[in-house]
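Number of protein chains: 2
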Amino acid sequence: MKNDNLEKVKAKLKQKFGKRFTTNKTILERHGKDEAYYPLAPPDGVVFPQSTNEVRDIVLTCSDYSIPIIPFGVGTSLEGGIGALKGGISIDFSEMKKILEINQLDMDCTVEAGVTRKELGLQLKDTGLFFSVDPGADATIGGMAATSASGTNAVRYGTMRNNVMGLKVVMANGEIINTGGRARKSSAGYDLTRIFVGSEGTLGIITEITLKLYGNPANISAAVCQFDNLEDSVNSVIESLLSGVPLARIELLDEVQMEACINYSKLNEFSPKPTLFFEFHGTENEISEQTKTIQEITREYGGANFIWKNLPEERNRLWEARHNAYYAALALKPGCEAWSSDVCVPITSLSDCIIESKEKLKEMNLQAPLVGHVGDGNFHLLYLIEPGDQEQFKKAKSHNKWMVEKAIDLGGTCTGEHGIGYGKAEFLAKEVGSSIKLMKGIKHAFDPKGLLNPGKLFV
Amino acid sequence: MKNDNLEKVKAKLKQKFGKRFTTNKTILERHGKDEAYYPLAPPDGVVFPQSTNEVRDIVLTCSDYSIPIIPFGVGTSLEGGIGALKGGISIDFSEMKKILEINQLDMDCTVEAGVTRKELGLQLKDTGLFFSVDPGADATIGGMAATSASGTNAVRYGTMRNNVMGLKVVMANGEIINTGGRARKSSAGYDLTRIFVGSEGTLGIITEITLKLYGNPANISAAVCQFDNLEDSVNSVIESLLSGVPLARIELLDEVQMEACINYSKLNEFSPKPTLFFEFHGTENEISEQTKTIQEITREYGGANFIWKNLPEERNRLWEARHNAYYAALALKPGCEAWSSDVCVPITSLSDCIIESKEKLKEMNLQAPLVGHVGDGNFHLLYLIEPGDQEQFKKAKSHNKWMVEKAIDLGGTCTGEHGIGYGKAEFLAKEVGSSIKLMKGIKHAFDPKGLLNPGKLFV
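Protein chains in written order, with my numbering: chain A, 1 to 459; chain B, 460 to 918.
The hints are simulated quantities; they were obtained by calculation from the structure and are not laboratory data. Each hint should be verified, as a subset may be incorrect.
Said to hold, decoys possible - Pairs of lysine-lysine residues, derived as DSSO-like cross-links and limited to a Cα-Cα distance of at most 30 Å, are as follows:
{"hint": "1", "chain 1": "A", "residue 1": "K437", "chain 2": "B", "residue 2": "K908"}
{"hint": "2", "chain 1": "A", "residue 1": "K440", "chain 2": "B", "residue 2": "K908"}
{"hint": "3", "chain 1": "B", "residue 1": "K908", "chain 2": "A", "residue 2": "K212"}
{"hint": "4", "chain 1": "B", "residue 1": "K889", "chain 2": "B", "residue 2": "K899"}
{"hint": "5", "chain 1": "B", "residue 1": "K478", "chain 2": "B", "residue 2": "K545"}
In isolation and in its complexed conformation, chain A is listed as follows (with noise of 0.2 Å):
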């Protein structure tokens, strides 16, 4: 019965959409797997629409037969968000890209869910504005709405969250619905926008996001502070937050990351000590007195070498180092998988649990470089895995429990930056408590036949 939908489904599809419609067995299994270790889950099909009305036309078809619908970017998830768990059709959005609006003036834009973050910047670059978003991956803005991402500049400019405007959402009815707006701020009814922000694709297809933009600051500096150990580093990171200063970015690389970056970075004027990447966003003067009083502060915490980088083509080679982190993580054991972790607490509890994590990755034998969001609490631990290793993987596994356990038990979040997949849905249940039923509540409001994106979020 199921397979006699699925083939309806796909017939249609074949006859609307010809060759942007396949089941080629290679595009399947690039549409079934994520950056993350789960196992490969590829659809029964993909569609590349090229507006929201055949996006529509896409789940409907898909609804009649009761054939599940996985919307797509470029499959740079972390958490299995993007597997067909229970087959279906796969929405790949990379037809989509059109930049709708940008809006100079009133500094926001409107582009198509396939538009990815660096080609939105590339469109901004004469505008005067930016973008601030920035995921370690190239990912679609799309993609970056669903699991409401956010990177190194959320400190400053937030998250996902707090810069989207407003939603175009295709839902499991087939109904186009518009949320938000560009309007600054609003009270007016329930903010369907952020629901929908961080739904993974649970609650309907986001196919045209409205963002905010900032003016390029006026100059930009970066420093980098070395301590001889992480929890003075993260000590002056809480006085620095509490100082005012409007830091645009802070990083913290433990001294393994440090040393993997040093090799891989040629960062020689640097130790392999935890070290903080500082970025300032501001006139000349403002600039120069931010960094005086952080460097102030980093002093009182025993930090050296508070170095300036303040030409471009110094700081881009600090922030290349420090968004080539993944890669030099994966050179400290060559031929080796990774795969990352992503709490975030409160965060005085920060140094706390960093250090117990580290301590326990000893004991247990794994090998992980740490790089953190540390102005938000949000730090990232990137396990090495001998690929096949299944006692290696296991205990990554357990250790991640721990300490998304930890986090949990401290106030924070199972998930900081990257969603929750399916890979997380036993600690979301568990970080929510009775909150899982309005949650389920919520997605049988929206999704009644639960076709949308099923098997991930809840257990």
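Using the hints, position chain B against chain A.
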């Protein structure tokens, strides 16, 4: 039958709460009218719980007998939000005023719903931290969360949506749930916190709120600049926002409001012209840098008399005048009643929207001074109406309707910060279009019997 049920609920509440339950007519009336013009709609009883568990008991008692429940802070809502349109029990939070936690280093706090923003401010006084959201009234934090309030600081620090980190909520079925947490960001499932923020008591009863706090700025400075016409003042706001200067406040007063303030608050150094009030936060050098940039921008747009106010007493005098704008406006027409509009539009539409609205005021022979949180595109006209003058009242309503529809057409919203209550239910439906069905779906999922603040939000 209903009355029978009501009597049973009253008896049970009397028995449980003793003197903390009342049907005293004066108190009922006090709970049946907010600061807007809507007719008195008193509840059948008022109860003063002292804990979340007591709120749960009240909700369960009312729910058992299908009696409506209306949460009440201090009654400063502006769209009829607290009226007992279908009778029922008002839950007054004035005995839930505990500050439960202030986490100085994490820069957050948790308070009971009945704490007012000024009470919280006092408690924070010696912590080096402040809570940023400042609506005109000394509203309760619970009420502010329920309405998604904002105020003059939103341009830099955001609205309640950006500053509520977590909530404790009593659901319609008596369940007590926690949403969000103390992590600065999270991608864990649907954002329930932001569904309750702005839900105006229709989805659950908020009993505790966890708030983001900010470090006190090292220095604060204010400035005033006057313009010959409104368009230039708004254009200089746009340019200021684009410049990336992190303005703490940017408020517009039109020539009518300015004249009222000059008279009421003796601001004799100023003229009755469109006027911008600025506030700057930062170190001394940062502020001098910021003011320099803004002064250059305003000068470019013909702004004159850019007057700095660095001394605290001078600055306070200015902001007191701004905060007393409401009373200053009332004094223009002694004995009159005032009613505040609240549209918010993309900022490039702001000057057109304001200018057309003012022309229409003139045509209709209405008096309505204007204040605006112009950095957000939000402004208020204060319609001044002789008590009992039905014709003027009708004209004001018609003007407001015209203006709201214009704002919606411009991509804006019918309410920037006052909420929907029942005064704007028809506009909400117009603004969100078919999304209203989704909102009703959420309402039904959360409150299937429709007992929570009935008659609000939806027509």
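Now the hints, each set against the structure:
The suggested pairing of K437 of chain A with K908 of chain B holds, with an alpha-carbon distance near 17 Å, which does not exceed 30 Å. For a cut-off of 30 Å, the pair hint linking K440 of chain A to K908 of chain B stands: about 19 Å separates their Cα positions. In summary, the hint linking K908 of chain B to K212 of chain A is not supported, as the alpha carbons are separated by about 38 Å, beyond the 30 Å threshold. The suggested pairing of K889 of chain B with K899 of chain B holds, with an alpha-carbon distance near 14 Å, which does not exceed 30 Å.
Restraint check for K478 of chain B and K545 of chain B: satisfied, since their Cα atoms lie roughly 24 Å apart, inside the 30 Å limit.
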